[in-house]
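Q: One letter stands for each residue in the lines below.
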Amino acid sequence: MKDEQIVRNAQVSKLLLLGLLFLILLSITVTYNRYLVEKDFIIIDDLDEEIES
Amino acid sequence: MTAELLCPWESPVFLFFSSNVPSLVHYSHAVAFVTLLVFCSFIFFSNTRSLVGRLVFWFSIVLSLWIFIDVILWSTNRPDLVMFGWSLQILLEPIVYALIFYILYTYFRQSFPGIYLNIFIALLLLPIILLLPTSLTVVDLPLSYCEATEGFLASHYSYFVNLTLLGLAVIYSIIFIKQTRVTNKYRAGLYLLSAFTLFALTFTGFNIVSTITGDWTLSQYGLFSIPIFALLLGYAIIEFNAFNGRQFSVKLIVLALWLSVGSLLFIVQSDVGRIITFFTLAFTILTGYFLIKSVSKEIEQKRLAQSLATELAGVNMRLERLDKMKSEFVSIASHQLRSPLTSVRGYISMIIEGSYGEVNPKVKEVLTHVSDASRHMALSIEDYLNVSRIEAGNMKYEIADYDLKKLVKEVVVELVPVAEKKGIKLEFKPATEECVAVKLDIGKSRQIVQNLIDNALKYTKDTGTITVVVRKDIQAKKAYVDVIDQGIGISPEGLKTLFQKFERAKNANEINVTGTGLGLYIARTMANGMGGDITVASEGEGKGSTFTFVMPLNGIEAKWN
Numbered sequence: 001m002k003d004e005q006i007v008r009n010a011q012v013s014k015l016l017l018l019g020l021l022f023l024i025l026l027s028i029t030v031t032y033n034r035y036l037v038e039k040d041f042i043i044i045d046d047l048d049e050e051i052e053s
Numbered sequence: 001m002t003a004e005l006l007c008p009w010e011s012p013v014f015l016f017f018s019s020n021v022p023s024l025v026h027y028s029h030a031v032a033f034v035t036l037l038v039f040c041s042f043i044f045f046s047n048t049r050s051l052v053g054r055l056v057f058w059f060s061i062v063l064s065l066w067i068f069i070d071v072i073l074w075s076t077n078r079p080d081l082v083m084f085g086w087s088l089q090i091l092l093e094p095i096v097y098a099l100i101f102y103i104l105y106t107y108f109r110q111s112f113p114g115i116y117l118n119i120f121i122a123l124l125l126l127p128i129i130l131l132l133p134t135s136l137t138v139v140d141l142p143l144s145y146c147e148a149t150e151g152f153l154a155s156h157y158s159y160f161v162n163l164t165l166l167g168l169a170v171i172y173s174i175i176f177i178k179q180t181r182v183t184n185k186y187r188a189g190l191y192l193l194s195a196f197t198l199f200a201l202t203f204t205g206f207n208i209v210s211t212i213t214g215d216w217t218l219s220q221y222g223l224f225s226i227p228i229f230a231l232l233l234g235y236a237i238i239e240f241n242a243f244n245g246r247q248f249s250v251k252l253i254v255l256a257l258w259l260s261v262g263s264l265l266f267i268v269q270s271d272v273g274r275i276i277t278f279f280t281l282a283f284t285i286l287t288g289y290f291l292i293k294s295v296s297k298e299i300e301q302k303r304l305a306q307s308l309a310t311e312l313a314g315v316n317m318r319l320e321r322l323d324k325m326k327s328e329f330v331s332i333a334s335h336q337l338r339s340p341l342t343s344v345r346g347y348i349s350m351i352i353e354g355s356y357g358e359v360n361p362k363v364k365e366v367l368t369h370v371s372d373a374s375r376h377m378a379l380s381i382e383d384y385l386n387v388s389r390i391e392a393g394n395m396k397y398e399i400a401d402y403d404l405k406k407l408v409k410e411v412v413v414e415l416v417p418v419a420e421k422k423g424i425k426l427e428f429k430p431a432t433e434e435c436v437a438v439k440l441d442i443g444k445s446r447q448i449v450q451n452l453i454d455n456a457l458k459y460t461k462d463t464g465t466i467t468v469v470v471r472k473d474i475q476a477k478k479a480y481v482d483v484i485d486q487g488i489g490i491s492p493e494g495l496k497t498l499f500q501k502f503e504r505a506k507n508a509n510e511i512n513v514t515g516t517g518l519g520l521y522i523a524r525t526m527a528n529g530m531g532g533d534i535t536v537a538s539e540g541e542g543k544g545s546t547f548t549f550v551m552p553l554n555g556i557e558a559k560w561n
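Chains as they are written, first to last, in the numbering used here: chain D, 1 to 53; chain P, 1 to 561.
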């Protein structure tokens, strides 16, 4: 019974790790898309002020 | 339009070099990157099957990636890359800390954490993973200084996760260290714990300071702890052979030697030089091969010896348990035998005495034999019981002051009829008129003297004489009971083992076949238990023997006399 439990725990842990890895890859892809494709996060106010001054 | 929005410095050369990167950043990152990769690869390749080794390898990969991204962040002038890289770093940091936790846990516990702990850690990491692309992680990027504005996840939650994981790692390590015996693994574990804690604290510490002050140059100092981290780990490897690194280091040294000697072949110009180098290389290859082989053999032997020692300890424990069980069994069995035997003996003696009517003389003779045999049996059972009491440590002594001379005289008087029946003369010759006061257990001392005289009677042929002498030596403060017989004697070899369990003199069976070989063992153990001893002297087979029961005088004879 104890051995079976250890095996089941190991399997669940592996599934958990795979799930996390999948989420990490997905998250990185979305982040890549957000910053390298859309580029709507840049604040140019400071730069304008600097240029003006 | 967006392609033109760049940070206010030139594009980097070879990805890492631009005017925005202070030399401190290059220095701290290069040292940390190289040290980490070389050192952790060393640990990984020294034992690729080890779970801790694999975790350390992944730790070094993730942290190296973090360092790599960090240099790009400093050098690049592309805002999109800064935002993406910044987000990636925020994701990688908790993973580094999770790996530190798993490394320390697995090293001490030698197993992976349970499912609930894994789920807890996954839940800790999940918000960062899921919310990475949102403005909760990085908000925006002012172009003038090209640094991302951090959201709540980056400025608060990620540090909370890092410190929680580090705290968990330290707590679990300390719990395991307290449970572990002080071995090389324990000592190496202390260095491992110190190395990772030092690194993690400095890394997060300087990052927190940078987040608060907004000066990211400060965060570079955290990376300087990597060489110290490597030093601590290296010391653990060399001194305590953590991660089985010794074998691998020998291979590394030999390989370096081969490469350096081999490279000479391409440098040396003269033919003679080449020939000498060739032979040197051949010699180096040969000796290096034997060196690796001998180190591997030594390590293998050490491992074998350790496993054998562990196995032996287990076997020893099992034997001790079996021995205890055997003693208990003998004790229980002897008790079970003694009770029915007592009633058998009682009824037989009543029949012989005529309590159930007149008995035919022939039947009476047979019953007398049965009675004698059952008496022998009862004595043997008593011996086994005594042995089991001795081995279980349950032998109790009721010590009292008593006159040893009086005690011996009483025993002799009891046994004179038995001796006469065998045609043996049993004499009692006290060497002193005074009493011999000794602290002893009366019952057990009587048993000892009885046993010694009984033996003398058993092993003395008809018409011999047995003399029992009681004497005392005031100066040595000792009392002696000598039982001198003219029996079959004992060979010098027999004398050495006479007091051992189940040992009998070689010629004992010639004259008496019923002995168990336990009497003298029990007698001497009892004598020792009362602070005395039994010694034996014999000039050899056929020349009789003298058994001496020695007890310390209690020093109160003067009062008694």
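Just so you know, the hints here were simulated from the structure itself, not pulled from any lab data. Here a beta-carbon is modelled for each residue, glycine too, at the ideal position from N, C-alpha and C. Accuracy of the hints is not assured; some may be wrong.
What the hints assert, rightly or not - Using C-beta positions, here's what the derived DEER-type ranges look like:
#, chain 1, residue 1, chain 2, residue 2, range
1, P, Gln-306, D, Val-37, 54 to 62 Å
2, P, Phe-17, D, Val-37, 21 to 29 Å
3, D, Tyr-32, P, Thr-280, 52 to 60 Å
4, D, Tyr-32, P, Ala-313, 52 to 60 Å
5, P, Ser-11, D, Val-37, 54 to 62 Å
6, P, Gln-306, D, Leu-36, 30 to 38 Å
7, D, Val-37, P, Leu-126, 22 to 30 Å
8, P, Ser-135, D, Leu-26, 15 to 23 Å
9, P, Lys-302, D, Val-37, 57 to 65 Å
10, D, Tyr-32, P, Ser-263, 43 to 51 Å
11, P, Ile-61, D, Leu-26, 19 to 27 Å
12, D, Val-37, P, Gly-262, 48 to 56 Å
Q: Work down the list of hints and note, for each, if the structure agrees.
A: Verification of the hints:
1. Against the hinted window of 54 to 62 Å, the Cβ-Cβ separation of Gln-306 of chain P and Val-37 of chain D comes to about 59 Å, which satisfies the hint.
2. At about 27 Å, the beta-carbon gap between Phe-17 of chain P and Val-37 of chain D stays in the expected band of 21 to 29 Å.
3. For Tyr-32 of chain D and Thr-280 of chain P, the hinted distance range of 52 to 60 Å is satisfied, since their beta carbons lie about 55 Å from each other.
4. About 58 Å separates the C-beta atoms of Tyr-32 of chain D and Ala-313 of chain P, a value consistent with the hinted range of 52 to 60 Å.
5. The given range of 54 to 62 Å is broken by Ser-11 of chain P and Val-37 of chain D, whose C-beta atoms sit roughly 20 Å from each other.
6. Evaluation of the 30 to 38 Å hint for Gln-306 of chain P and Leu-36 of chain D yields a failure: the beta carbon distance comes to about 55 Å.
7. Range check, Val-37 of chain D to Leu-126 of chain P: Cβ separation about 25 Å, and the 22 to 30 Å hint holds.
8. At about 18 Å, the beta-carbon gap between Ser-135 of chain P and Leu-26 of chain D stays in the expected band of 15 to 23 Å.
9. Between Lys-302 of chain P and Val-37 of chain D, the C-beta spacing of about 59 Å keeps the proposed range 57 to 65 Å intact.
10. Taking 43 to 51 Å as the suggested C-beta distance range, the pair Tyr-32 of chain D and Ser-263 of chain P conforms, at roughly 44 Å.
11. Against the hinted window of 19 to 27 Å, the Cβ-Cβ separation of Ile-61 of chain P and Leu-26 of chain D comes to about 20 Å, which satisfies the hint.
12. The hinted range of 48 to 56 Å is satisfied by Val-37 of chain D and Gly-262 of chain P, whose Cβ atoms lie roughly 51 Å apart.
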